[in-house]
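There are 2 protein chains.
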Amino acid sequence: MARVISLLGKGGTGRSTLTLAMARTEARRGKRVLIVNLEPTSTIGLLLDVPLGGDPQEVEPNLQALHFSTTALIERNWKKLRAAEEEYSRIVLFREVYEQELGVLPGLDQFLAMSALRDWDLSGKYDFIFFDGGSGLDQLRMFAVPEQLGWYVRRFGDALGRSPVGQILAPFFEPITRSLLNISVDTDSMRQTTGRFSDVLNEGRAVMQDPQRLLLYLVATDDPLSVAAARRLWGGSQLLGLTVGGAIVRGDADWQGNFDPLPVRKIAHAPLGDLPAQLEGLADANPTVPAPLVIDEAVRTVRIFLPGLTKKQVELSQYGPELTVRAVDQRRNFTLPASFRTLRASGAKFADGYLNVTFA
Amino acid sequence: MARVISLLGKGGTGRSTLTLAMARTEARRGKRVLIVNLEPTSTIGLLLDVPLGGDPQEVEPNLQALHFSTTALIERNWKKLRAAEEEYSRIVLFREVYEQELGVLPGLDQFLAMSALRDWDLSGKYDFIFFDGGSGLDQLRMFAVPEQLGWYVRRFGDALGRSPVGQILAPFFEPITRSLLNISVDTDSMRQTTGRFSDVLNEGRAVMQDPQRLLLYLVATDDPLSVAAARRLWGGSQLLGLTVGGAIVRGDADWQGNFDPLPVRKIAHAPLGDLPAQLEGLADANPTVPAPLVIDEAVRTVRIFLPGLTKKQVELSQYGPELTVRAVDQRRNFTLPASFRTLRASGAKFADGYLNVTFA
Numbered sequence: 001m002a003r004v005i006s007l008l009g010k011g012g013t014g015r016s017t018l019t020l021a022m023a024r025t026e027a028r029r030g031k032r033v034l035i036v037n038l039e040p041t042s043t044i045g046l047l048l049d050v051p052l053g054g055d056p057q058e059v060e061p062n063l064q065a066l067h068f069s070t071t072a073l074i075e076r077n078w079k080k081l082r083a084a085e086e087e088y089s090r091i092v093l094f095r096e097v098y099e100q101e102l103g104v105l106p107g108l109d110q111f112l113a114m115s116a117l118r119d120w121d122l123s124g125k126y127d128f129i130f131f132d133g134g135s136g137l138d139q140l141r142m143f144a145v146p147e148q149l150g151w152y153v154r155r156f157g158d159a160l161g162r163s164p165v166g167q168i169l170a171p172f173f174e175p176i177t178r179s180l181l182n183i184s185v186d187t188d189s190m191r192q193t194t195g196r197f198s199d200v201l202n203e204g205r206a207v208m209q210d211p212q213r214l215l216l217y218l219v220a221t222d223d224p225l226s227v228a229a230a231r232r233l234w235g236g237s238q239l240l241g242l243t244v245g246g247a248i249v250r251g252d253a254d255w256q257g258n259f260d261p262l263p264v265r266k267i268a269h270a271p272l273g274d275l276p277a278q279l280e281g282l283a284d285a286n287p288t289v290p291a292p293l294v295i296d297e298a299v300r301t302v303r304i305f306l307p308g309l310t311k312k313q314v315e316l317s318q319y320g321p322e323l324t325v326r327a328v329d330q331r332r333n334f335t336l337p338a339s340f341r342t343l344r345a346s347g348a349k350f351a352d353g354y355l356n357v358t359f360a
Numbered sequence: 001m002a003r004v005i006s007l008l009g010k011g012g013t014g015r016s017t018l019t020l021a022m023a024r025t026e027a028r029r030g031k032r033v034l035i036v037n038l039e040p041t042s043t044i045g046l047l048l049d050v051p052l053g054g055d056p057q058e059v060e061p062n063l064q065a066l067h068f069s070t071t072a073l074i075e076r077n078w079k080k081l082r083a084a085e086e087e088y089s090r091i092v093l094f095r096e097v098y099e100q101e102l103g104v105l106p107g108l109d110q111f112l113a114m115s116a117l118r119d120w121d122l123s124g125k126y127d128f129i130f131f132d133g134g135s136g137l138d139q140l141r142m143f144a145v146p147e148q149l150g151w152y153v154r155r156f157g158d159a160l161g162r163s164p165v166g167q168i169l170a171p172f173f174e175p176i177t178r179s180l181l182n183i184s185v186d187t188d189s190m191r192q193t194t195g196r197f198s199d200v201l202n203e204g205r206a207v208m209q210d211p212q213r214l215l216l217y218l219v220a221t222d223d224p225l226s227v228a229a230a231r232r233l234w235g236g237s238q239l240l241g242l243t244v245g246g247a248i249v250r251g252d253a254d255w256q257g258n259f260d261p262l263p264v265r266k267i268a269h270a271p272l273g274d275l276p277a278q279l280e281g282l283a284d285a286n287p288t289v290p291a292p293l294v295i296d297e298a299v300r301t302v303r304i305f306l307p308g309l310t311k312k313q314v315e316l317s318q319y320g321p322e323l324t325v326r327a328v329d330q331r332r333n334f335t336l337p338a339s340f341r342t343l344r345a346s347g348a349k350f351a352d353g354y355l356n357v358t359f360a
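Chains Z and C supply the protein sequences, listed in that same order.
FYI, the numbering used here numbers position 160 of the first sequence as 160, with every residue one higher than the one before it.
FYI, the numbering used here numbers position 345 of the second sequence as 345, with every residue one higher than the one before it.
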């Protein structure tokens with residue numbers, strides 16, 4: 001089991017440099033570390049002065065790195081799909097198209113990176129995986145895949161299973177699910193296939209929402225705009241149930257008040273070689289951070305930790321057993337406890353970074 | 001018809017600030033301008049000191065701005081889908097799910113932004129649309145959607161039309177295509193639906209590859225890493241057939257040699273208010289840039305302009321009438337002229353930024 005570490009912040013705050021320095025800190029004390037670089041503009045390869053390929057390569061003792069290659073992963077997965085199609089041979093869609101032809105559509109980077117993270121984690125080869133992703137938005141979208149996709153599968157799986165469309169598609173989905181997720185499904189039933197797929201997504205969600213498995217840090221500089229951006233990303237992460245363990249501030253400004261109650265690590269501008277010492281203890285920290293969600297049945301209140309946001313930036317809606325919260329251009333559905341299901345959200349206010357939603 | 005302008009560069013090079021300054025330059029000389037801000041960490045809203053909503057609002061004379069809201073667009077499109085389902089009523093998948101519940105999966109931002117760009121363009125309300133997107137990778141993925149998705153639709157449309165799966169799905173796709181793309185399709189035939197969809201994507205591709213309609217600029221600073229990143233994004237853009245019209249360099253370094261033969265606009269670090277004067281003439285420039293693709297049948301050569309890349313970074317493959325080029329974790333399929341179809345690529349070398357592929 002690996003812990004994934006990822007830094008969130010506005011472009012130009014030095015995320016790649018800090019990621020590399022944190023990775024070195026861990027590798028030098030004997031931890032097995034992998035750095036995954038997603039962006040073509042990321043500087044980790046340039047900082048290491050090693051051309052990175054799509055597979056992990058050792059760049060320093062205990063430290064492996066790769067430049068994530070979506071095209072290579074599309075090829076690998078396409079080969080699996082074609083093989084599954086050959087074997088089942090009820091459908092002829094994939095086999096006439098070769099893996100070397102396939103272009104990249106938006107979203108594939110994040111879906112495939114998520115799936116690759118799962119494989120690297122299951123490999124047991126790493127203690128830490130440092131993920132240097134793209135912009136804040138796409139990184140959050142990626143870590144939210146198990147949660148969000150899980151919701152779609154739950155919500156549509158049943159309807160699809162009942163519909164004639166679903167019955168036709170079932171033998172089509174089954175080999176796809178089986179070959180891409182490395183899971184076994186014994187039946188052609190759409191319901192069982194989506195059920196097994198749901199299980200995988202639920203496991204993924206539990207991993208993403210466990211701070212021992214995914215820990216995010218905010219990065220800011222002296223620039224107040226970088227603080228505003230970090231606070232937005234903090235709120236967005238919390239809405240998705242991801243754990244932000246602290247903030248790293250490069251520079252002299254005292255931004256502690258902007259990140260309360262998170263620990264803030266202030267570090268001086270320094271050459272890359274001097275950074276690891278300043279970052280010690282962050283990757284394996286067990287930060288005490290506010291619980292993302294507190295349900296208090298006694299006072300009929302749901303409390304959601306949404307720091308960095310104001311009430312105007314948050315929108316609530318309720319459908320049956322679900323409370324939906326929208327903020328930072330994201331949406332999360334919370335399943336309410338049974339005792340709340342006949343109640344309606346009657347008020348919402350912010351206190352201490354928590355949005356308190358009361359029901360009546 | 002609007003011209004879309006977008007800046008590509010490493011995080012922290014000041015893309016948002018420059019975007020705003022360029023937009024002001026145009027608005028102040030009477031052009032009708034829209035700024036679209038995609039990233040939660042983008043600073044345009046903060047620089048304008050106006051809270052931006054999901055719909056265009058006038059922030060200065062002739063200048064409208066919005067913060068792209070994927071969740072809001074999902075809602076709008078979902079309503080259309082549900083209405084189409086109500087009307088057709090052969091399928092019951094959408095109507096039980098409310099638009100306010102839908103989460104955001106990776107890629108939706110870019111697909112919806114692309115579709116919204118089309119709507120703003122068709123509205124005829126703007127001369128210029130400044131698009132301040134996310135990281136370089138996702139922005140390129142987005143502008144490449146018509147090209148890449150068009151390939152998938154062409155390649156799979158026929159196979160799907162012939163297969164029993166396609167025959168079942170046809171009445172399902174038709175209202176989706178019709179309601180989401182605002183196009184009319186007269187029939188339930190999968191082939192006609194995908195054909196009409198292909199037409200829309202071909203139009204989109206023509207727009208994206210026309211420098212009068214989409215013009216990209218690279219942004220770099222004194223930091224050599226920002227130059228390396230800009231060069232990668234340049235090569236990636238060219239591979240996709242997008243036009244980079246020049247480079248904007250903030251600072252004192254002389255990087256002209258890195259961007260030959262593009263015009264380089266050097267600008268001094270200055271407060272936002274002083275920037276517009278330095279950026280005059282860029283948004284409505286008609287830069288003479290190398291042709292992205294030159295096919296010379298006489299010497300059996302295909303020349304693809306791929307600046308910033310070396311031969312090692314480019315991979316070629318050929319299947320029947322298609323030459324596939326892979327670089328910067330992207331892939332593009334070029335349809336070869338009829339006279340090349342019995343030939344095989346026999347050699348490739350770089351000269352003057354062009355990859356020259358000879359056939360024998």
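Take these hints with a grain of salt, some might be off.
Stretches of chain Z that chain C covers, calculated by requiring three or more beta carbons in the stretch to come under 8 Å of a beta carbon on chain C [stated by the list, open to error]:
#1 23-35
#2 69-77
#3 203-214
#4 243-255
#5 266-277
#6 299-311
#7 339-345
Not close to chain Z: a few residues of chain C, all C-beta gaps over 10 Å, as computed [stated by the list, open to error]:
#8 ASP109
#9 ALA159
#10 VAL264
#11 ILE267
#12 VAL294
#13 ARG331
Note that these hints are calculated values from the structure, not bench results.
The beta carbon of each residue, even a glycine, is placed where N, CA and C say it ideally should be.
Which earlier hints turn out false for this structure, listed by number in ascending order? Violated: hints 1, 3, 4, 5, 6, 7, 8, 9, 13.
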